[in-house]
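If you read the sequences in order, they're chains A and B.
Read in order, the letters of the first sequence correspond to residues 1 to 543 in this note's numbering.
Read in order, the letters of the second sequence correspond to residues 544 to 643 in this note's numbering.
Think of the hints as simulated: they come from the structure by calculation, not from any bench.
Wrong hints could be hidden among the right ones.
[To be verified] Chain B stretches covered by chain A per the calculated footprint, using a threshold of three residues with CB under 8 angstroms from any CB of chain A:
{"id": "1", "region": "570-579"}
{"id": "2", "region": "582-590"}
{"id": "3", "region": "597-610"}
{"id": "4", "region": "614-625"}
For every residue, glycine included, the Cβ atom is placed at its ideal position computed from N, Cα and C.
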Amino acid sequence: MSIPFIDAIRGYLQGDGAVILPEMELTLFGLAVLLIGYPLDESVENNWFWKLLFKNFYAKAALAGTLFSGFTLWKLRGAVAASARGYLPGFHESVVVDSFFPFFATLFLAATALVILLSVKYLDIEEEQEGEYYALLLFACVGMMFMASGVDLIVMFLGLETMALSFYVLTGFLRREKRSNEASLKYVLLGAFSSGILAYGFSLIYGLSGTTNIRNISAVFNPRIGLARAIELSRQSGVMGSQMRQVLSAEYPAALHLEPSLLHQMPVLAAAAFVLIAVGLFFKVAAVPFHQWAPDVYEGAPTPVTTYVSVASKTASFALLLRLFLTVFAASQETWVYLIAGVAVASLTWGNLAALTQTNVKRLLAYSSIAHVGYILLGLVAWNETAFTGIAFYLLAYVFMTAGAFAVIIVLRQKGLIGEELEDLNGLYQRSPASALLLLIFMLSLAGIPPTAGFMGKYFIFLSLIETKHPVLAVFAVLYIVPALYYYFRIVVHAWLKAPGEAPRPVMSSAQAVALGVAVFVSLAAGLYPEPFTRLAHYAFGP
Amino acid sequence: MLPIGHYLFLSLALFIIGAIGVITRRNVIVVLMSIELILNAVNINLVAFSRLYGDVAGQVFALFIIADAAAEAAVGLGIIIAFFRNRETVLADEMDLLKW
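Can you build the whole structure from these sequences, using the hints too?
Okay, here's the thing in structure tokens:
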């Protein structure tokens, strides 16, 4: 029996729908969490089955969503490997699933799952256990996945905005908390401003190329000598004109519609478009000099949201940046490499130096994350295969070690104790040896000491810089490990050597323990036995 | 049809006015309005180019940006209301709990 409606859905799911199935599942789970209001918290029957199903129902549903989506992603990855072209396009080539997408989508899903696990107890303490929170986490993840899979300017921009709007609300989720209000207000103003700048850059690119698909746009930015003249010739009548038209329609069909008067301005407009887009993206990844929002947002947001912003939003913005730079701007790499190198060095300098004097751990980690952006941008300067593997590896390591470091701060949050200041860490070793040990491992990894994941990430970046003959930048980058060691070890000293005060013993919930376990496992495994992780990173920029 | 340059100049002017507004204004509601100006500058660009090329993608993009601007305004105003309830101010230089 065939029902037309069901058949249409099935056909869709086998065609275009298959490409965005992981995102669709997350959206459906998010909507379900929003729609199902459960009245069962207190009145839940004291039956183990009901408890298992309905205690913290929202968090469980959201976690189930990420697991489902991850499973679908795994199957999709198999389909990509089996496909003839090495990628699956959908929606008229505006969304593409290639090897780049599964790598980043896995990182986003892992980060989302970690944040969900870390949130449950934190929200209980803040008395804000709402379903909307988990729904927004899932929607943000959907946006990030579209940032990694979109190859059309419209899809990329909408993905970015879906993520950003969810984050604005999440940052201000503690409505009664003044610092949370202030952080989200600063975030929404600066975030919307940077989105506007980015959109203006996108509109210029569209104007230069007449298309929103980034694969076709790249042709415009290739250096072409005499194209304006060729187009003018092709508009003339006669044999010359028609020959020129044929050549152009074979070589570069989009040029037939370009405006010659615009073409003379092309280098200027292209440079303006590049600068605007770069500024917009530097805002999103929090690179100096567009980093001012980051420390404030990190400090004011609820700590699980801080984790999510620092880990996932940064990775997603880098995915978008890499996708654009590897296609649209790839041909002009020699021109913009100085700009990127300058921003990278500025981020390293300012991030590392400003972190030295911080007393709030979340703020300190914000500046340290700005420094990490500097290292990742240096990979773009090197621009060879080692560098791309290094960037992917660095992002992978960064996700888990930063999530771990924030997770320890979340564990410290108790009723009546904020636990964000350096002083609050005093004597953590006596109060909770396990948390102190975990903190030490994450700090070692963030500083880049072997045998941790952070070391391997930095190693690849340095190696690529030396391979491509940038010894000065490599020396700079290595030297900045010294201040980094100083401020990371300030945290360790407070936790291990200072005498404990009146502070209570932190109690770890089982969900937090799972999240910390995963984070510490990856941080150590990727350093001790990097082979499978390197292969994974290599695969992201694979064929 | 007007040459494309006219539209580009109008949109550039809007963009610059918006950017100056964001940077110099103290009142966060005016800042939010300036951001809307920037997004409208983007829309003018997109629609002008869309007409130039006879390509509909630019208009679709503009529609999405209008929707996005609405969403941003809704979220932004919501956050401003939450902020105002706690602090009784909408001035940017009085946001000083976190070092700016």
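Taking the numbered hints from earlier one at a time, note which ones the structure violates and give those numbers from smallest to largest. Of the numbered hints, all hold.
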